[in-house]
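The whole structure should be built from the sequences, with the hints applied where relevant.
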Amino acid sequence: FSHESAALLSGLPIIGTWPDRAQVSAPPESGRRTRHELQWHDAQLADFDIGEEGGFKVTAPIRTLVDLLASRSFASGVVTLDHALRNVEHYGVTKQELRAVVEERRPFRNVRKVDAVVDFATGLADSVLESLSLVCFRDLGFPRPQQQREYRGLVNGKQYWADFYWKEFDVI
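Residue numbers (my numbering): 8 to 179.
Don't take every hint at face value.
To be verified - With a straight-line Cα cutoff of 20 Å, these simulated SDA-like cross-link-like pairs (lysine to any residue) come out:
hint	residue 1	residue 2
1	K120	R145
2	K174	E137
3	K64	A82
4	K165	L147
5	K174	L131
6	K120	A82
7	K165	Q155
8	K120	A107
9	K102	P20
10	K174	V162
11	K174	V135
12	K174	R159
13	K64	K102
14	K102	R119
Unchecked claim - FRET-style restraints, in silico, Cβ to Cβ:
hint	residue 1	residue 2	range
15	I57	R151	49 to 59 Å
16	Y167	D146	22 to 32 Å
17	D126	L52	22 to 32 Å
18	E96	L52	19 to 29 Å
19	L136	W25	27 to 37 Å
20	P35	V95	46 to 56 Å
21	K102	D177	24 to 34 Å
Keep in mind the hints are simulated off the structure, nothing from the lab.
Beta carbons are placed, not taken as given, at the ideal position from N, Cα and C, and that holds for glycine.
Here is the structure:
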């Protein structure tokens, strides 16, 4: 399984509709064609591109991320990548490793969008909605806020976190 099907099995969120067919990848020379229940993608997969989730063969997280960033919207890519970066211990993907894989595969369709998502995502968002909010702020022309800023209570010293802080406006 690859693309959205690998994301589903791996627990990676996406934004937008899920495909109505299972997504799978195989080399072009395999001669496989899309049928009613399967959407085939032509892909040369090395051994390190293949993993396992729940007893199913899936594309490895880093391969799944590149495929999704290239094929889905910018917002969906940011949500997916933020989640993976925030959960690096589970997915094993860092920004540096992702950049290296993108560089290795270059050129490919939508590589500039992939670069833009990798540049934009931080892994600091605590939720899908925080990632989407950052994309909306960008689309509306707001400056990028500081994420997850820590504050201490004046009386009890209790720790608080603000999802977004704009220093230039002193606004949480």
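A quick look at each hint next to the structure:
1. Of the pairs offered as hints, the one joining K120 and R145 holds, with about 15 Å between alpha carbons and a cut-off of 20 Å not exceeded.
2. Of the supplied pair hints, the one linking K174 and E137 holds, its CA atoms being roughly 18 Å apart against a limit of 20 Å.
3. Under the criterion of a C-alpha separation no larger than 20 Å, the hint pairing K64 with A82 is inconsistent with the structure, at around 27 Å.
4. The straight-line distance between the Cα atoms of K165 and L147 is roughly 34 Å, outside the 20 Å bound, and the hint therefore fails.
5. For the hint pairing K174 with L131, the CA-to-CA distance comes to about 17 Å; that is within 20 Å, so the pair holds.
6. Our distance criterion of 20 Å between C-alpha atoms is met by K120 and A82, whose separation comes to about 11 Å.
7. Among the hinted pairs, K165 with Q155 is consistent with the structure: their alpha-carbon atoms are about 15 Å apart, no more than 20 Å.
8. Of the pairs offered as hints, the one joining K120 and A107 holds, with about 16 Å between alpha carbons and a cut-off of 20 Å not exceeded.
9. About 18 Å separates the Cα atoms of K102 and P20, which keeps this hinted pair within 20 Å; it holds.
10. This hinted pair does not check out: K174 and V162 have alpha carbons roughly 24 Å apart, beyond 20 Å.
11. Of the supplied pair hints, the one linking K174 and V135 is violated, its CA atoms being roughly 23 Å apart against a limit of 20 Å.
12. Taking the CA atoms of K174 and R159, the gap is about 17 Å. The hint holds against a cut of 20 Å.
13. A threshold of 20 Å between alpha carbons decides the hint, and for K64 with K102 the separation of about 24 Å lies outside it, so the pair is violated.
14. The hinted pair formed by K102 and R119 meets the criterion: a straight-line CA distance of about 16 Å does not exceed 20 Å.
15. Distance hint check: the CB atoms of I57 and R151 are about 36 Å apart, inconsistent with the given range 49 to 59 Å.
16. A beta carbon spacing of about 28 Å between Y167 and D146 agrees with the range 22 to 32 Å that was offered as a hint.
17. The hint said 22 to 32 Å for the Cβ distance between D126 and L52, and at roughly 26 Å that hint holds.
18. About 25 Å separates the C-beta atoms of E96 and L52, a value consistent with the hinted range of 19 to 29 Å.
19. Judged by the Cβ atoms, the range 27 to 37 Å given for L136 and W25 is violated: they are separated by roughly 19 Å.
20. Under the hint 46 to 56 Å, the C-beta atoms of P35 and V95, about 33 Å apart, miss the expected range.
21. For the pair K102 and D177, the supplied restraint of 24 to 34 Å holds, since their beta-carbon distance comes to about 30 Å.
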